[in-house]
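Trainee: Could you slot chain B onto chain A? The hints should help.
Listed here are the chains, written in short residue letters.
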Amino acid sequence: MVEKTEQGRDGSTRPDAQMNASEVEAWFVREVLPLEAILMRYLRHNWRGQSDIEDLRQEIYVRVCEAAFRQLPDAAKPFVFTTARNLLITRARAGHVIPIEMVGDLDALGVAIDTPGPDRSAIAREELRRLQAALDRLPARARQAVILKKIDGLTRREIAARMGITEATVSEHLAAGMSALAGILYGEPADLGHKP
Amino acid sequence: MANAAGIDARAAAWLERREEGLSESDEAALQAWLSGSLANRVAYWRLKAAWERADRLAALRGAEKNSAARMRSFLPLLVKIAAVMIVVAGAGVLGVTYLSRPSDRLYSTPVGGHETVRFADGTRVELNTNTIIRARMTTGQRILWLEKGEAYFQVKHDALHPLVVMAGDHRVTDLGTKFLMRRDPSRLEVAVLEGRVWFDVPDAESARTSLPLSEGQVAIATGPKVSLERQSMRALDNAISWRRGVLVFRDTTLADAAAEFNRYNRERLVIPDPAIAYIKIGGIFQATNVGAFTEVAEDVLGLTVHRHGNEIVISR
Chain A
1 MVEKTEQGRD
11 GSTRPDAQMN
21 ASEVEAWFVR
31 EVLPLEAILM
41 RYLRHNWRGQ
51 SDIEDLRQEI
61 YVRVCEAAFR
71 QLPDAAKPFV
81 FTTARNLLIT
91 RARAGHVIPI
101 EMVGDLDALG
111 VAIDTPGPDR
121 SAIAREELRR
131 LQAALDRLPA
141 RARQAVILKK
151 IDGLTRREIA
161 ARMGITEATV
171 SEHLAAGMSA
181 LAGILYGEPA
191 DLGHKP
Chain B
1 MANAAGIDAR
11 AAAWLERREE
21 GLSESDEAAL
31 QAWLSGSLAN
41 RVAYWRLKAA
51 WERADRLAAL
61 RGAEKNSAAR
71 MRSFLPLLVK
81 IAAVMIVVAG
91 AGVLGVTYLS
101 RPSDRLYSTP
111 VGGHETVRFA
121 DGTRVELNTN
131 TIIRARMTTG
141 QRILWLEKGE
151 AYFQVKHDAL
161 HPLVVMAGDH
171 RVTDLGTKFL
181 MRRDPSRLEV
191 AVLEGRVWFD
201 VPDAESARTS
211 LPLSEGQVAI
221 ATGPKVSLER
231 QSMRALDNAI
241 SWRRGVLVFR
251 DTTLADAAAE
261 FNRYNRERLV
271 IPDPAIAYIK
281 IGGIFQATNV
291 GAFTEVAEDV
301 LGLTVHRHGN
311 EIVISR
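Protein sequences, first through last, are from chains A and B.
Start counting the first sequence at 1; every next residue gets the next number (the working numbering).
Start counting the second sequence at 1; every next residue gets the next number (the working numbering).
Isolated chain A (complex conformation) (with noise of 0.2 Å):
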């Protein structure tokens, strides 16, 4: 008999990925998503080049993610934060566009930071509220097609059936709608009732 113990491990694992997908995309989902409304808030401050914001949005996640896949950050928030301003700074410098007002202020956003996000405990009606808010603000092909398919769980073949169109057409409005729902999410206040 053999004990081996552990060879696996040593010789097979990449030695910069300590965390499996799942593991990141669940922490990503539960710390760093929640955060995406003041992400954007922060980005629109201080980025003047309002086009390239999302592609911003972007790189902040992948560079974030890409950490996490080492080892989870402690604290999601300020560790988000420090990267978003790291990228600016350095796309600042390549000369890409000229920051509005370079905030190092951290420390001035960290009230902001601290906003309590949407609240956990509220949840179910609140979150039932938030998403048909969402669904009306949809262009309206894409929310026809995203209630048939979310509200009365049709499959894409019955919601062609049902619009009179492809069922190519529906993947392309389910995808859109999709697209636009985690924006609205995702990227918006909770609080509807600032406009970002």
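Warning: the hint list may mix true and false statements.
To give an idea of the interface, some chain B residues facing chain A are shown, with a C-beta separation under 10 Å as derived from the structure [claimed, not checked]:
#	residue
1	R46
2	E147
3	G245
Note that these hints are calculated values from the structure, not bench results.
By construction, the Cβ of each residue, glycine as well, lies at the ideal position given by its N, Cα and C atoms.
Mentor: Same frame as chain A, now just chain B:
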């Protein structure tokens, strides 16, 4: 860095297609796309999370049909009566009740895959390699079918709507719990890691036997025959080590270890010689790293490893 809107559109298209069910080759293409760049993966996670949140909209189903509300209030009682009748009548009726419906959702993983599904009710199901789950999760009903493979269930308990997992004619009903189910062609294994479940087994006389299983208990069913055993939490932890992408062997025969690897990889390990098939090994391996395992066979056990196409033969 590719443009975010473009990646977003690709991710959304994948998610939409996946909901309708992907073929094995499509699933492989999706996995390849995800592995292609972290930006792809993150965009996919983000949209998936939003899209799953939107599952809550199902609560609005029939909300406007107030006229039907009165009728509806009688339904739960009828359903309960029906449920009692079904239990008494046994498996034959169940087959009718649990027929597939077009609104059922399919979730699957390819060989070597690992996927976590979060349902709107808070239940989490982790699919191990080469697994198919069918789901009917509505406000009134929570049924999952383990069509094949292995999955780990973390159930949000709701006494009024217990979650039921079907595996062929066998049925597991949650009583507030975490459990593991593995379905092979002729064998079903149910292991309870926390809380309790009811395990229902079809009898020869089409009656059903219900067994309560509690934490640490493992039921192994081959057809109507069931054996029960108790395992240490350590052994159970090892049984779900695939959630971390690793296989843990302790006093495991080479043959069993090879069979485990073969579940996760397209390359097949073959050990034709019974004299070495029963050599026992221990260790922790990455499930998809067959190379680390053959290295142990060669360097530590002094065996010979030959490759023939897709097969890796270990011999003396």
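Trainee: Would the hint on B:R46 stand, with a C-beta cut-off of 10 Å toward chain A?
Mentor: holds, 6 Å
Trainee: How about B:G245: closest beta carbon in chain A under 10 Å, or not?
Mentor: This interface hint holds because 5 Å falls under the 10 Å limit.
Trainee: Hint B:E147 vs chain A: min CB-CB distance below 10 Å?
Mentor: violated, 18 Å
Violation of the numbered hints given earlier is confined to hint 2; every other hint is satisfied by the structure.
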